[in-house]
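Q: Spelled out, the chains give:
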Amino acid sequence: MITEPTETGDAALHQRVDDLIAAVGLSDVASITDVLTAVAHERGRSVELEPLPEDMESGDVFGLCLPYEDRDVILFRTGAGPEHELHSTLHECGHLLFGHVAVDSHTGSNPVSRLLPDLDADLIAQVLARSSYEDEQEREAELFAMKVRAVMTAAQRRRGDAILRRFDDALG
Amino acid sequence: MLLAVTAVFWLAAVVRAWRWRRAPKSPALRAIAIALLSIAVALTLDLPAVQQVLAAGPLRSGTPDNIADLGKQLAIVTGAWACQSLLLHLTRGAEVTNTSERTRARLAITVAVLSTAIYLVPLISPDTARNPESGIAQPFITESRLLVLVYAGTVLFLVMKLCWTHTGSGSLGNGVRIMGTGCGVMVAYALTRIVYFAVAHYGHTLLPTVYRAGDLLQILGLGLIAIGTLIPRLGRAVAGHRARRAYAELEPLWTLVTERVPQVVFATTPDGDATAWQLDRRIIEIQDALVVLAPGLDRPPPVAGRPATSAPAAARLAAALEQTPYSTRVVVGGSPSSDTEESLIAPPAGIDPVRWLVQVSRSLTRTGAQDSRLKETR
Chain U
1 MITEPTETGD AALHQRVDDL IAAVGLSDVA SITDVLTAVA HERGRSVELE
51 PLPEDMESGD VFGLCLPYED RDVILFRTGA GPEHELHSTL HECGHLLFGH
101 VAVDSHTGSN PVSRLLPDLD ADLIAQVLAR SSYEDEQERE AELFAMKVRA
151 VMTAAQRRRG DAILRRFDDA LG
Chain C
1 MLLAVTAVFW LAAVVRAWRW RRAPKSPALR AIAIALLSIA VALTLDLPAV
51 QQVLAAGPLR SGTPDNIADL GKQLAIVTGA WACQSLLLHL TRGAEVTNTS
101 ERTRARLAIT VAVLSTAIYL VPLISPDTAR NPESGIAQPF ITESRLLVLV
151 YAGTVLFLVM KLCWTHTGSG SLGNGVRIMG TGCGVMVAYA LTRIVYFAVA
201 HYGHTLLPTV YRAGDLLQIL GLGLIAIGTL IPRLGRAVAG HRARRAYAEL
251 EPLWTLVTER VPQVVFATTP DGDATAWQLD RRIIEIQDAL VVLAPGLDRP
301 PPVAGRPATS APAAARLAAA LEQTPYSTRV VVGGSPSSDT EESLIAPPAG
351 IDPVRWLVQV SRSLTRTGAQ DSRLKETR
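Keeping their order, the protein sequence lines are chains U and C.
Just so you know, UniProt numbering puts 132 at position 132 of the first sequence, and the rest follows in order with no gaps.
Just so you know, UniProt numbering puts 341 at position 341 of the second sequence, and the rest follows in order with no gaps.
For reference, chain U alone in the conformation it holds in the complex (with noise of 0.2 angstroms):
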């Protein structure tokens, strides 16, 4: 059975994340390339994305963002079809445009430090996996790929058309 939604405290986390999109520019985004342009131009450095290594697939770890010196590579895990490869890389998307850092970051604690284990230590101590939602930064990034995967599925029904978009919502 589904429930309605009721009144909690996630509504300060809604307006956080709403408030990021609307302010990045993401609130008619049609595709992931868009997103990460947006990324791109927010932190002023390129992003880089690529599959996680087979040899870095790991336990319940399913995105990593590393923010390097000059650029942030963005890793996903790769298994379970295209729709779960976007939403953790929207999460990892999430993580950089909020400006995140590891809550966590005593290197040999983080989960990351097993799974890169010759990445610098002050790199990993930056490193944010998508994994559990313990944590405030780990809801807003996941929050932000759930509404971002959204709005991308309606804005390609409607094909970046802004007229259709008001359509939808004088018709819907």
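The reader is advised that the hints may include incorrect statements.
[Said to hold, decoys possible] Taking lysine to any residue pairs in the SDA-like style, the calculated list, with each CA pair at most 20 angstroms apart, reads:
1) 161(C) <-> 188(C)
2) 161(C) <-> 191(C)
3) 25(C) <-> 162(U)
4) 25(C) <-> 97(C)
5) 25(C) <-> 15(U)
6) 25(C) <-> 92(C)
7) 25(C) <-> 18(U)
8) 25(C) <-> 272(C)
9) 161(C) <-> 161(U)
10) 161(C) <-> 93(C)
11) 161(C) <-> 162(U)
12) 25(C) <-> 163(U)
13) 25(C) <-> 27(U)
14) 25(C) <-> 88(C)
15) 161(C) <-> 163(U)
16) 25(C) <-> 169(U)
17) 25(C) <-> 172(U)
18) 25(C) <-> 22(U)
19) 161(C) <-> 150(C)
20) 161(C) <-> 223(C)
Hint data in this document are derived by calculation from the structure and do not stem from the laboratory.
All values reported here derive from a predicted model rather than from experimental measurement.
With chain U's structure known, arrange chain C on it following the hints.
A: Just chain C now, kept in the frame of chain U:
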């Protein structure tokens, strides 16, 4: 026929008005709700039963034949003004200014006042009467209608043009296309009426075929417009129903995988369409859990020579999942294939992921049902 179209139009108008009540700040929604309500009123006033109730008496030559006709004209002008407002908000969005709104309102008021004044001239000077037999084509009434027809016809032409140049896919695209077609038919209706009244202006009323053709075009055009505005809403209702059904069908699979990988559950409340949101969330959580569980699943051997259909693949995944131990919280290692076509957990090529996961979930349900039946026979 007119009664049926009037009923459909009222339905479309009520649906839009209800939506407007829920989103009062949407100017495009307000405009389309007013347009539909106005035309529904005009259609109602055109019904013979309503005209009989409202008519002051038998037709008197050279005077407005009944109050319903004048009311109908004013309702049409109101509808055309609302369509102008709709056009403005659809094309300019947030850039619409009060000045542009007022300009359109002034034009509509001018048409309403002028057409009403012309319509009522025969009341002041009854000697303008021409021929009691000429029925609807009375002097001044004819000119008044011409004015309204030119105004409303021009607005409908602009709406038609906008609809035909902005079509998308799905129920929204279909609705806009049908609405545009309806507006096109109404433009043809306005042209037939303009020809009829223009000829009547010179004292000829010998075009009954043109008039009857106009009647048919009116019924067809208004019917299409009403249906066109209803289709996107209907499409959403159907999508919502399908989403609720899929959500319920995914319950066994979601329960099974999230018991094994509980950390993938993201508990938050949606702020919009709860049905679509919760289905989407359930799909993502299942996919997340499948990615975690995949390295521990026994990959069944492919069936040689068998066409690649999704049902056997779904059944194989369901069987593999049911054998998965509960202790899998984090699986380190393993190497699921990066080629999604060969992946055990990814949908086969060309299969919608929701449909695929529903198939897997149904396979689980069947297995569970068979198990329980076996237990009951012991």
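Q: Indicate, hint by hint, whether the structure satisfies it.
A: Status of the hints after comparison with the structure:
no.	hint	verdict
1	161(C) <-> 188(C)	holds (14 angstroms)
2	161(C) <-> 191(C)	holds (16 angstroms)
3	25(C) <-> 162(U)	holds (18 angstroms)
4	25(C) <-> 97(C)	holds (15 angstroms)
5	25(C) <-> 15(U)	holds (19 angstroms)
6	25(C) <-> 92(C)	holds (16 angstroms)
7	25(C) <-> 18(U)	holds (18 angstroms)
8	25(C) <-> 272(C)	holds (16 angstroms)
9	161(C) <-> 161(U)	holds (15 angstroms)
10	161(C) <-> 93(C)	holds (18 angstroms)
11	161(C) <-> 162(U)	holds (16 angstroms)
12	25(C) <-> 163(U)	holds (18 angstroms)
13	25(C) <-> 27(U)	holds (18 angstroms)
14	25(C) <-> 88(C)	holds (15 angstroms)
15	161(C) <-> 163(U)	holds (13 angstroms)
16	25(C) <-> 169(U)	holds (11 angstroms)
17	25(C) <-> 172(U)	holds (15 angstroms)
18	25(C) <-> 22(U)	holds (19 angstroms)
19	161(C) <-> 150(C)	holds (16 angstroms)
20	161(C) <-> 223(C)	holds (18 angstroms)
Hint check: no violations occur; every hint is consistent with the structure.
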